[in-house]
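Protein sequences appear in the order of chains A and B.
Using this note's numbering, you'd call the opening residue of the first sequence number 1 and step up by one each time.
Using this note's numbering, you'd call the opening residue of the second sequence number 1 and step up by one each time.
Derived from the structure by calculation, the hints contain no laboratory data.
Among these hints, one or two may not hold up.
20 Å max Cα-Cα, derived SDA-like pairs, lysine to any residue [as the list claims (entries may be wrong)]:
1. A:107 to B:214
2. A:69 to A:16
3. A:30 to A:19
4. B:103 to A:190
5. B:258 to A:237
6. A:107 to B:270
7. B:342 to A:152
8. A:69 to B:342
9. A:107 to B:202
10. B:258 to A:119
11. B:103 to B:342
12. A:107 to B:246
13. B:258 to A:91
14. B:214 to B:202
15. A:247 to A:237
16. A:107 to B:261
17. B:103 to B:344
18. A:240 to A:204
19. A:173 to A:140
20. A:173 to A:204
21. B:258 to A:120
22. A:107 to B:76
23. A:101 to B:322
24. A:107 to B:262
25. B:342 to A:155
26. B:258 to A:121
27. B:214 to B:103
Stretch-level coverage of chain A by chain B, calculated; a stretch enters the list once three of its residues show a Cβ under 8 Å from a Cβ in chain B [stated by the list, open to error]:
28. 97-108
29. 115-125
30. 236-248
Yeah, the Cβ is synthetic: ideal placement off N, Cα and C, and Gly gets one too.
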Amino acid sequence: MAPVQTTNKTSIIKITDLDFFYGDTQALFKINLTIAKNRITSFIGPSGCGKSTLLRCMNRMYDVIRNTKASGSILFDNNNILQTSTDVTGLRRRIGMVFQKSNPFAKTIYENVVYGLRIAGENKKSVLDQAVEESLKGTSLFDEVKDRLNESALGLSGGQMQRLCIARAIAIKPDVILMDEPCSALDPKSTAKVEELMLNLKKDYSIVIVTHNMQQSSRISEYTAFFLEGRLMEKDTTQKIFTNPSKKETEDYITGKFG
Amino acid sequence: MSNIFIWGRKNLYPTTGQGIISIAIVSLVGLVLWNFLPWSIFNAVWVADNSDVCRQAGGACWAFIWEKLYFILFGFYPAEERWRAWLVLALFLGGILYSGRSKSWTLSLIVVWLGLVVSMMLLLNGTLLGLPTVETSYWGGLVLTIILAMTGIIFSYPFGVLLALGRANQRLPVIRGICVSIIEIIRGVPFISLLFMASLMLPLFLPSGFVIPKLVRAIVAVIIFSGCYLAETVRGGLAAVSRGQYEAAQSLGLSYWKTMGLVILPQALSKVIQPTVGSFISLFIDTTLVVIISMYDLLGAARAAASDSAWLGFAREAYVFLALIYFAFCYTLSKYSRRLEKDILTKKVH
Ligand SMILES: Nc1ncnc2c1ncn2[C@@H]1O[C@H](COP(=O)(O)OP(=O)(O)OP(=O)(O)O)[C@@H](O)[C@H]1O
Ligand SMILES: [Mg+2]
Numbered sequence: 001m002a003p004v005q006t007t008n009k010t011s012i013i014k015i016t017d018l019d020f021f022y023g024d025t026q027a028l029f030k031i032n033l034t035i036a037k038n039r040i041t042s043f044i045g046p047s048g049c050g051k052s053t054l055l056r057c058m059n060r061m062y063d064v065i066r067n068t069k070a071s072g073s074i075l076f077d078n079n080n081i082l083q084t085s086t087d088v089t090g091l092r093r094r095i096g097m098v099f100q101k102s103n104p105f106a107k108t109i110y111e112n113v114v115y116g117l118r119i120a121g122e123n124k125k126s127v128l129d130q131a132v133e134e135s136l137k138g139t140s141l142f143d144e145v146k147d148r149l150n151e152s153a154l155g156l157s158g159g160q161m162q163r164l165c166i167a168r169a170i171a172i173k174p175d176v177i178l179m180d181e182p183c184s185a186l187d188p189k190s191t192a193k194v195e196e197l198m199l200n201l202k203k204d205y206s207i208v209i210v211t212h213n214m215q216q217s218s219r220i221s222e223y224t225a226f227f228l229e230g231r232l233m234e235k236d237t238t239q240k241i242f243t244n245p246s247k248k249e250t251e252d253y254i255t256g257k258f259g
Numbered sequence: 001m002s003n004i005f006i007w008g009r010k011n012l013y014p015t016t017g018q019g020i021i022s023i024a025i026v027s028l029v030g031l032v033l034w035n036f037l038p039w040s041i042f043n044a045v046w047v048a049d050n051s052d053v054c055r056q057a058g059g060a061c062w063a064f065i066w067e068k069l070y071f072i073l074f075g076f077y078p079a080e081e082r083w084r085a086w087l088v089l090a091l092f093l094g095g096i097l098y099s100g101r102s103k104s105w106t107l108s109l110i111v112v113w114l115g116l117v118v119s120m121m122l123l124l125n126g127t128l129l130g131l132p133t134v135e136t137s138y139w140g141g142l143v144l145t146i147i148l149a150m151t152g153i154i155f156s157y158p159f160g161v162l163l164a165l166g167r168a169n170q171r172l173p174v175i176r177g178i179c180v181s182i183i184e185i186i187r188g189v190p191f192i193s194l195l196f197m198a199s200l201m202l203p204l205f206l207p208s209g210f211v212i213p214k215l216v217r218a219i220v221a222v223i224i225f226s227g228c229y230l231a232e233t234v235r236g237g238l239a240a241v242s243r244g245q246y247e248a249a250q251s252l253g254l255s256y257w258k259t260m261g262l263v264i265l266p267q268a269l270s271k272v273i274q275p276t277v278g279s280f281i282s283l284f285i286d287t288t289l290v291v292i293i294s295m296y297d298l299l300g301a302a303r304a305a306a307s308d309s310a311w312l313g314f315a316r317e318a319y320v321f322l323a324l325i326y327f328a329f330c331y332t333l334s335k336y337s338r339r340l341e342k343d344i345l346t347k348k349v350h
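The task is simple: from the sequences and hints, build the whole structure.
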C-alpha cells in the first residue's frame, strides 16, 4: 500500500545518536531515525519502551519535566533543536502535538481553534474566521459544530474533543504533527474518523503517530518504527515491518507473542 | 391550608425519625424567639433622650444604638466632615451593586475596586482634594472596617496568587524556596502576633523620624496574613487543573508565564471561588482584631460606645447590632460567590 520513498531527500526531521535521560535513568539509547516529509510514520512497541519520550524530544516538550537531559542531535530545518539556544516556543509552533487524552481549553470551540493564532498575535477577525472554518473542515468537525462555535468546547463528545484538539494543532499550520496515541480513548467510529483525517492531512503535514493498535499502524502509516527498551529495533516501510520484519523481536511483537 | 399541611408533612415529617428531629429543632427555635422577641421588639425602646427610659422599660434599648450610630459608623471622624464618610459608604454600596451584575464579573472588577478604595482613602484623608486633612488615626467604625477589609482583599488576592505561582514554579528553586518559607512561617503564626509585630516591631526597623501610620501597618499585616492562606487555596486550584491543559498550552507555543497566566490560572482560580471567598470572609472578620492595637474599627467603636458612662449596660444591644452588620456582609459575600461560581460553571468558559 505505501509508496516506497527514499527518505534522504524527502525527510523533515533527522535524529542522530539521540540519548535521553530522566534524571539518572536513561530512557533512550542512540536513536537514529529520519521522519519522512508528507508521510505518516508510526511508532510501535511495548509500554515503557520510550515512544512518548522520543515524541516529546521532537518538540522539546521534555523541557517541562525537571532533570531531563538529551544528547545527540535532532535536525529540523537545518538546526539542531536540542541546542539550548533553540527558540522553543517557535519550534512548538512548527511542530505541533496532539495528546492521548484530549485536552481542549475551557473556552468556546471557536477560541480553542484560534488560540495558537491569537497567541502568535493574529487578531484579524476575517483571518481567524477562515482558520476556524478551514481547520474544522480539515478535521471534518465543521458540520457537527458550526452552529455552536461560541459554546464551550467541554460540551463536545470525547471523539469531537479529540478532533477539536487536532484542529487546534493544525490551525497554526505547523510542518509536523506529533500524535501520542490520539485514538486510545475513542470508540471505533471516532477512531475511523481520526484516521481518515490523518490520511487527508498528510498532503500538507508530516505526521508521527504513537499507537498500540497494530491495525491502525498498518492502515494509515507509510513507515513504522519499532522500539524496545529505549532502543530503535527496526524502522522500515510499514509493509515490510508487518509482512517481513528483519528482527525476531519485531515479529514477536507484531504477532502478539509479547508486549 | 391543606397545602401548607402537605408541605409541612413532606419537608418536616417525612419519616418518624426525621420528624422527631424537626419537632426538636422547631421547638428550640420557638423557645429562643419566645424569649428574644419580647426583649428585642415588644418591650424595646426605640427613641429616648437618655438611658433612664431604657432602664425602666426592661427591653432592648435601640435608642442607645441610635444615639451612638455616628460613632459606630465613623469612629472619631470629625462631625463637620462626616459627609465625606457618608460618601464613602455610598461608594461602597455602589461598588457592591455594580459587582452584583453578572456582566461585571471580569478581572477588571479588581481594578474597579482598587479605584474605589483609593478614592475612598483620598476622600477620607482629604489633603489631595483640597479638603481639611483628617489623619488616619481619626478614621474609625464601619468606615475603618470597610477600608481594612477592602484593601486587605484587593491586595492579598494578587499577593496570594503570586505566592502560589512562585511555589508552583519548579524551574526557579530559589523563588520557590522563598515563597514556601513565607507561606509556612506566616501560617504558623497567629494573626494577633503578626499585628503586634507590624505595630510595635516594624517601627524599630525603620529609620527614626520615618513614621508609617498605624492603619497602613495594620493593612500590611492583614495582606500578608491573608495572602498566605489564599496562596494555599490557590495552590489547591492549580493542582486541580489537569496536566493536559498545561501540555496543550505548551505545545501551542505558549511561554511558561503565558501558559500560567492565560490558561492555568483562570481555571485554577475559578475552581476555588468558594474557598477564596471563604478566606475573604475570615479576613473581614479577622480585621476586628485590630482592636488590640487600639484602633477603633466597627467592633472597637461599638465597645467604646458601650462603655460610655451615660449609657452603661447596653453592650448586648451593641453586639446584636454588630452581629447584624457582620452577618449582612458575610452573607452577601457568600451568596455572591455562589452565584459567581454557578455562572462560571454553567458557561464552562473562562
Ligand atoms: N516524567 C518521567 N520521569 C521519569 N521517568 C519517566 C518519565 N516519563 C517516562 N519515564 C520513563 O521512561 C521510560 C519510557 O517512557 P515512555 O512514556 O516514553 O514510554 P512509552 O513507550 O510511551 O509507553 P506507553 O506505551 O505506556 O505510553 C519508561 O521507563 C518510563 O518509566
Ligand atoms: Mg506513551
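Each hint tested on the structure:
{"no.": "1", "hint": "A:107 to B:214", "result": "45 Å, violated"}
{"no.": "2", "hint": "A:69 to A:16", "result": "15 Å, holds"}
{"no.": "3", "hint": "A:30 to A:19", "result": "5 Å, holds"}
{"no.": "4", "hint": "B:103 to A:190", "result": "38 Å, violated"}
{"no.": "5", "hint": "B:258 to A:237", "result": "41 Å, violated"}
{"no.": "6", "hint": "A:107 to B:270", "result": "13 Å, holds"}
{"no.": "7", "hint": "B:342 to A:152", "result": "15 Å, holds"}
{"no.": "8", "hint": "A:69 to B:342", "result": "45 Å, violated"}
{"no.": "9", "hint": "A:107 to B:202", "result": "46 Å, violated"}
{"no.": "10", "hint": "B:258 to A:119", "result": "9 Å, holds"}
{"no.": "11", "hint": "B:103 to B:342", "result": "14 Å, holds"}
{"no.": "12", "hint": "A:107 to B:246", "result": "14 Å, holds"}
{"no.": "13", "hint": "B:258 to A:91", "result": "16 Å, holds"}
{"no.": "14", "hint": "B:214 to B:202", "result": "10 Å, holds"}
{"no.": "15", "hint": "A:247 to A:237", "result": "14 Å, holds"}
{"no.": "16", "hint": "A:107 to B:261", "result": "15 Å, holds"}
{"no.": "17", "hint": "B:103 to B:344", "result": "12 Å, holds"}
{"no.": "18", "hint": "A:240 to A:204", "result": "25 Å, violated"}
{"no.": "19", "hint": "A:173 to A:140", "result": "17 Å, holds"}
{"no.": "20", "hint": "A:173 to A:204", "result": "9 Å, holds"}
{"no.": "21", "hint": "B:258 to A:120", "result": "12 Å, holds"}
{"no.": "22", "hint": "A:107 to B:76", "result": "51 Å, violated"}
{"no.": "23", "hint": "A:101 to B:322", "result": "53 Å, violated"}
{"no.": "24", "hint": "A:107 to B:262", "result": "11 Å, holds"}
{"no.": "25", "hint": "B:342 to A:155", "result": "16 Å, holds"}
{"no.": "26", "hint": "B:258 to A:121", "result": "13 Å, holds"}
{"no.": "27", "hint": "B:214 to B:103", "result": "37 Å, violated"}
{"no.": "28", "hint": "97-108", "result": "holds (count 10)"}
{"no.": "29", "hint": "115-125", "result": "holds (count 4)"}
{"no.": "30", "hint": "236-248", "result": "violated (count 0)"}
Figure legend: structure checked against the earlier numbered hints; hints not met, in rising order: 1, 4, 5, 8, 9, 18, 22, 23, 27 and 30.
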